[in-house]
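**Q** Here is how the chains run, residue by residue.
Protein chains: 4
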Amino acid sequence: MQSSTLKDVTQNKPKLLSRYTSTRQRTASICRPLSKEDYVVQPVEDVSPPKWHLGHTTWFFEQFVLIEHVADYQPFDEQYSFVFNSYYENAGKRVVRAHRGNLSRPTVEKVYEYRKHVDEAMEVFLSVDQPQAIWDLIEIGCNHEEQHQELLITDIKYILGNNPLLPKYGPFDQSTAIDTDMRFIPVDAGIYSIGYAGEGFHFDNEKAVHKVYLQAYEIADRLVTNGEYMEFMEAGGYQDFNLWHSEGWEFVKQLNIKAPLYWYNIDGTWHQYTLAGLQPVQRNEILKHVSYYEAFAFAQWKGMRLPTEFEWEAAQAQFEWGQRWEWTESAYLPYPNYSKVPGALGEYNGKFMVNQKVLRGASVATSPNHSRPTYRNFFHPPLRWQFTGIRLAQWT
Amino acid sequence: MQSSTLKDVTQNKPKLLSRYTSTRQRTASICRPLSKEDYVVQPVEDVSPPKWHLGHTTWFFEQFVLIEHVADYQPFDEQYSFVFNSYYENAGKRVVRAHRGNLSRPTVEKVYEYRKHVDEAMEVFLSVDQPQAIWDLIEIGCNHEEQHQELLITDIKYILGNNPLLPKYGPFDQSTAIDTDMRFIPVDAGIYSIGYAGEGFHFDNEKAVHKVYLQAYEIADRLVTNGEYMEFMEAGGYQDFNLWHSEGWEFVKQLNIKAPLYWYNIDGTWHQYTLAGLQPVQRNEILKHVSYYEAFAFAQWKGMRLPTEFEWEAAQAQFEWGQRWEWTESAYLPYPNYSKVPGALGEYNGKFMVNQKVLRGASVATSPNHSRPTYRNFFHPPLRWQFTGIRLAQWT
Amino acid sequence: MQSSTLKDVTQNKPKLLSRYTSTRQRTASICRPLSKEDYVVQPVEDVSPPKWHLGHTTWFFEQFVLIEHVADYQPFDEQYSFVFNSYYENAGKRVVRAHRGNLSRPTVEKVYEYRKHVDEAMEVFLSVDQPQAIWDLIEIGCNHEEQHQELLITDIKYILGNNPLLPKYGPFDQSTAIDTDMRFIPVDAGIYSIGYAGEGFHFDNEKAVHKVYLQAYEIADRLVTNGEYMEFMEAGGYQDFNLWHSEGWEFVKQLNIKAPLYWYNIDGTWHQYTLAGLQPVQRNEILKHVSYYEAFAFAQWKGMRLPTEFEWEAAQAQFEWGQRWEWTESAYLPYPNYSKVPGALGEYNGKFMVNQKVLRGASVATSPNHSRPTYRNFFHPPLRWQFTGIRLAQWT
Amino acid sequence: MQSSTLKDVTQNKPKLLSRYTSTRQRTASICRPLSKEDYVVQPVEDVSPPKWHLGHTTWFFEQFVLIEHVADYQPFDEQYSFVFNSYYENAGKRVVRAHRGNLSRPTVEKVYEYRKHVDEAMEVFLSVDQPQAIWDLIEIGCNHEEQHQELLITDIKYILGNNPLLPKYGPFDQSTAIDTDMRFIPVDAGIYSIGYAGEGFHFDNEKAVHKVYLQAYEIADRLVTNGEYMEFMEAGGYQDFNLWHSEGWEFVKQLNIKAPLYWYNIDGTWHQYTLAGLQPVQRNEILKHVSYYEAFAFAQWKGMRLPTEFEWEAAQAQFEWGQRWEWTESAYLPYPNYSKVPGALGEYNGKFMVNQKVLRGASVATSPNHSRPTYRNFFHPPLRWQFTGIRLAQWT
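Protein chains in written order, with the numbering used here: chain A, 798 to 1193; chain B, 798 to 1193; chain C, 798 to 1193; chain D, 798 to 1193.
Mixed in with the good hints, there may be bad ones.
Note that identical chains are pooled: a pair holds if it fits in a single copy or bridges any two copies.
[Unchecked claim] Pairs of lysine to any residue, SDA-like flavour, derived with a Cα cap of 25 Å:
no. : residue 1 : residue 2
1   : Lys1055   : His896
2   : Lys1099   : Lys1137
3   : Lys1008   : Gln1113
4   : Lys965    : His1177
No lab work stands behind these hints: they were computed from the structure.
Quick caveat: nothing in here was measured; it's all calculated off a predicted structure.
Start from the sequences, fold in the hints, and give me the full structure.
**A** Written as C-alpha cells, this is what we have:
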C-alpha cells in the first residue's frame, strides 16, 4: 500500500493525533462484547483470532513507526514481531497464518497491555513536530487498522456463526428493507477517467489516474435482494452447471453448497445467522455473503452479468452504495503506471495482484469514511465471509 | 470400557461419594494455573482444549448417570451433548474432533457452571442408596476422569510447549536423576498368568485372565536416560534407515525428526521444554516423549528389543515403574475371552484394538493410584506427547 | 468455442473435406515416433495420455456430428463417450481427468480403429451437400483437433522429459539463435480496436470487436533469451521475494523451483531436455517453459513489466511472433458483448474465464495456420509445460 | 527375507537351475494374455504395473547375484537399478512407488530383453559349481519371484477390474461351490509349537520355532461364502457402527463402502468382476476381496471372532485351506529370537512389522507349492485387492 505523497498540507498534527486515538479506540470498542475465549480461535485459515488483529495492528505502528523512528524506544516484547507479523517478508519470520489459532499466549490481557504500551509511546511521539513522511505513515497505519476493524467484524461473525450454540454478538448486521423495483441506469460509450485524482489518503492500487474506454452499458440502481436470490435457488440454480464457471461448479459440488453462507434451512424455512442471532431470511432485504462464483451464476441465470470495476466507478454517482462489497467481473490487476513503494510497505497491495477479483463499494462492516469511489477491495472468488453482495449490469 | 462386576462389596457409599468429589476437584486443580485462553486452543488433532476435557468428563456423568437414572434431571444445556461427546457413536452426533479448538463457546466460566450443576445433582443422587450397578458406573466415571486428568497435563504441555513464548505452567515435570548402571533381570521360560485377577476396578481390556507361555528373556531394571539416547543420536541413529521400520523411516523423513519431542537445539546445546520452562537436557535423567518408532530404533541400535506386554507384566515386580509409559512390542489386541459391555460404554476399548501399540506402567502425569500391573494403555506408533519412555529387553 | 457464422461462402465442400482429412492425418503423424507404452501414461493431471487425445478428438466428431446428424450412424462403442469426454457436462458422465492414465483399455490399436471408423463415416457424410451449420461444425472440430495436436506435443514432451531415461522423440524443439539487442517499439496512447473482425474461423472468446483505450507504452521487439534469464537466476532472482507475487513465492518455495521446466544442472552446467534429447542450454536461444509467476518476477527484476493482451494485439504487426506463447498481464475475461453458443459447445471457453492468464502469439508446437493476432490462449499462472516465453513492456 | 541356512543339502545344481528357469517362465506366462498397454498403468499406489514386476524380479537377480558375484558381468542398463528397485534403501535411490505408473520407458519389449539378458547370464553362472550361499540366494530369488507372480495376478485384476470396459483376462478366478454346513473343530488348551521347523526354504519371519500357550477354542472347517456374507449385508452390517473398529468405521464411511471389492450392483442384482469377466455373485461360492475391517465386522455380527495366527497354525491339519488368504486377528510381529539377515535382504520382512495384520493360508493366485502351514503373509487392514477371505473362530 502507499499513500503516495499526501498533498493535503492543511492536515495538521492535532488532527492526526486525534485520528490515531479515535481509530485505536474504535478497534477496542468492536471487541468489547466478546468473551475472552472469542479472542483466541481461528475456525478457518482466512479468519484470524480477534486477539491477533489487536496485536497485529499494534505491531504495525511499533514496527514501522516506533522502532524505525524513535531512538530509545523499548519494544514491548522482542518476540511479538514473530507472533504478530502478518505477511511482510521484509519484516522477518512469523507464525504461519494457519497456526494463529493455536496460540493461547500472549493472553488477551497482555495484548491490551501491548496496545497501551505502544499507544503511550505513539502519543509522546506524535505530540511533537514530525516530518510529512511520518504523518503519511500514521495515516497509512490508521487506514490499515480500519481495514482490520472490518475484518474483526467479519471474523467475529464467522467465529460465532460457526459455533453450534450460535451465540449473539449484539445489535449489528440488520439489513434495511428494499421496496423498489430494480431499474437500470444507462451509461454512454466513451472515455472515462479512472483512479484516485484527489489529494487525500488513498492506496497505491488506486493510481495512476488513467483513461478507460467503456462500451455503452446499463447498471442496476440497487443491489439484489434475498428474495431475488431465492428465486434463483428455487429455479435450481445450484444444480445447473451451465450457469457456473468450471471452478465454481467444483466449489459447489465439493463443498455441497446450496445457499449463501450462514443460511440454515430449519424445517423448510431459510434462516440466517446474523450478529444479532439466528433470524428468518427476509425476502426484501439485501443479499449478503455470496462468493464471486455465486454472484456470476446468479447473473448468468438472469441473462445479465456483473459490472467491471470501471463501469462501477464511472456510474457510481448515480446509485447508492455502501451496504455490501460488490463483486465485479474485473480481475485485480495493476493500473497503468502503477508503482509500489520501496520496502516492507510495498508488500501491501501489489503482491496480491493475481487470481483475485475486485470488489467495489463498502459494506455495513466497513469503518466510517474508510471507503471512496476509487477504492479497490479484492478477494479470492470462493470467499464468502465478507458482507458481499450483487449488483447486476447488462449491455445496452 | 467395563468394570465387569465389581466384587469388592466392602466399598460403600460414603467412600465412593468422597472419591467422586476428590476426583472432580483434582481435575479443576490441574487447570488452576491456566489462563482462560489456554483452555481453548487445539494445536493438533490429538490434543484437546482443556475446556473440552472439563466439559467432556462432566458430560460423561450427566449422560450415563443423571440422564439415564435420575427421573427429573434437567440437563444443563441440551446442546452440550453435541459439543462434549468424544466418540460415542451410540450417544449421538458430535463436534468433529479436529474442530474442538474452533469453539470459543461455551466459555470457560460456563463450563465450570456446568461442572457445578452436574456435581450438585450427583451429590444428591449419591447421598441415597443405589444399586451396585450404579456404584460400578461411578467408579468407571472416576477412572475415566483420571484418564482425562493425565490428558489434561499432556495436552497443556503441548499447548504451552508449542507456543513461541514457551510459557511456564508450574513446578511439574522435573525428572529425578538416575545414577545406576542398567542391569538385566533374567526371567525363566514357562507359563505365566496374565490379566487382572483381583476384585477391584479394572478395564475390560485387562480380562480375561489367561495363560501365556514366555520364552526365557531378560528385562532392564531401569529406563533409558537422556544420555543413553543422546549416544544414539550422536551415532547417527536418526540417519540410519536400517534401524527403523519402513513406516518409522517415513515418519522421521517427512517430519524432519531429529530428537525427542520438546527438544530444542540452542547454539549447539540440547534443551527441553518442561512444564517448569525451558531447561538444558540433563544426561542422567530419564528420557521422555519418544514415539514407538524411536523406541524401536533405539533398541535395534543397542542390539536389543522392547519387551512384550506379557514379559513386562510377568517381570514387573522386580523393577520400579511409574515414571514413564513404556512402549512395548505388543500390538493392542483383545485377550482371550474378551467381551465388551453392551451399549455406549462398550465403545471404550474394543473398537480401538487395531493399529495401536500397548504401553505399560504409568507416568509422572498419571493420576495417583490410577494404574496397576495389568493396566493396558495404547497409542498409535508415531505419538509422542505422552510421557513415554523406553525399557530394553533381550533374549537370554 | 464458437465460429459464429462463417461468412466465407467461398469455402466449399471439397476444401473442407480435405481439411478434415489432412488434420486427422497430422494428428496421427505426431504420434508416429511413440512406442505403444508412451500413449498410455499421465504423469500429472494437466498432461493427458496421447491415446486419450486420439480418442477424444475422434469422439468430438462422433458425438457432435455423426450421432446428432447421421440418422443411422452406429457408434463404435457405446462406452467410449464415458472414456473420451473431456469436460462437457452437457455430454454426460466421464472418467475423472486425473484417472485418464489408469486406463490400459481401449488399447492403442482399438483407438486407431475407432479413428478409422469415424473417419470413414465422416468422409461419407462430407461427400454430400450439407448446410452451412455443418461446415461450421467441421471447422470447429478441425480447430479443436489442432489444439489437441499442440497438447500432444507438449504432453509427449512432459511424458518423456520426466522419465529417468530421458528418451528422445525426434528432431523437434530446436531453437533458433537470437543475435540482436532487445529494442523497444513505442506505441502512442489512443483508442485501438481489439478482437476478431474478419470473416474466417475464430473462437467466441475473440469477439465482440471493441474499442480499448491504451496509454502510451513500449513493447520489446523480440523475446527474452536463455542468457538474459540466466542473469536473473545468477542475480538471485529465485531467492528475492520482493520480485514475486505472494502466490508465486509460495509456488517457488513449495516446489523448490530454481530454473525453468526441463532444466537440469549437471556438474555445474545447465542442460535442458528437448524432444531431441538432453542438451546444454544455449544462452542466445529463446527462453521457454516458464510460468507466469516467473515471467512476472523476471520483468520486475528488469524494472519492467509484461504487456497486456491489448497492448500485444495493438502492436503485434511490428514484431515477429510465433515461437512461444507469450504470457500477458491480462486475466482471461470475456470481451464486451461476449456471448457463448447454446449447448455443449458453449462450454468451450466461457466457463474457464476465472483465475487464468491470457497468452498471446503461438509456439513452435502450434499447428500451422492455427493462430492469428486476435487468438487468446489461456493457462493457470503456475503452468510451465507449454512452450511459453517472455516479451517485456514498459511505460513510456 | 531370509532362508536362514538351508539344511537340505540334497538339493543340487540341476534342480535349482531348472527351478530358476521354470519360475522365470511362469512369470512371463502370467503376462501372456495382456496387451502392451496393460503392462504400464498403476491405478492406485498399492498396485504396480506388470512391466515393473517383470523388471523388478529381474533386477533382484541382477543386483544380488550377478553384480555381486560375477566379476565381469555387464549390467543391461545402469539406470535400471533406479527404475526397478522396490524399497531396498541399502540398494540405492529409486523411483517413488506412486510414480511407477508414470513411466512409459523402458518399453515392454526392452524389459523382456532385460529378462533375457539376465536369464542368459544366470544360466551360465548356475551351470558351474557354486557355494551353498549362492544356492540359498537363488532359492530366495525364486520365492521372491513367486510372490510377485501372485501380485501380478492381483494387480492385473485390479487394472482390468477398474477399467470402465471391464475387459477379460482369461479363464481364471472361478470359485468352486461349497455345499456343506460350517462346522467348528474343537482344539484343546495347551502348549503348541509354532514356526518353521523343517529344513527346506522358508522366510526369516517364520522363525524361531517357539512354544505358544493356547486357550481352548473352536475353528471353522471351511471359509465363509458369498451367501453368508450377503446375509450380513442384508442385515445392515455396513450401517451398524457397533460392529466395526473405529478405524474400520471411518474406512466404510469415507470410501462409501457397501460390498466387497469388485462387487457391482446392477439393477438390484450383485455382480462381481472376475478375471473371466463380470458375473452374477453365486451365494454358495467362497467370499473373496474383503478387508480385515470387514472380516472383523462380519465375525462380530456372527458373535464370533477371527482366529489368531497361532490358532490357525495349530489347527490347520484339520481343515482344507489354499483358496483364500485368511485374515487373522494377529498383528504382524517378530517371533521370539527373530533375527534378520545383514544387508539389503534383511529389509525383506522385519521393517514391515508394525501396523499390519497376518494372513494365513494361500489363495487361488498363489504360486504352486509356494505356501506352507507356517507361512506368514501380511497386509494393512483396509487392503482388499488380494484374494482374501474369512474363517471364523470362537471360544469354547
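**Q** All hints, please: hold or fail.
**A** Results for each hint:
{"no.": "1", "hint": "Lys1055 - His896", "verdict": "between (30 Å within a copy, 22 Å between copies)"}
{"no.": "2", "hint": "Lys1099 - Lys1137", "verdict": "between (39 Å within a copy, 15 Å between copies)"}
{"no.": "3", "hint": "Lys1008 - Gln1113", "verdict": "both (17 Å within a copy, 22 Å between copies)"}
{"no.": "4", "hint": "Lys965 - His1177", "verdict": "neither (28 Å within a copy, 40 Å between copies)"}
The structure fails to meet hint 4 from the earlier list, while all remaining hints are met.
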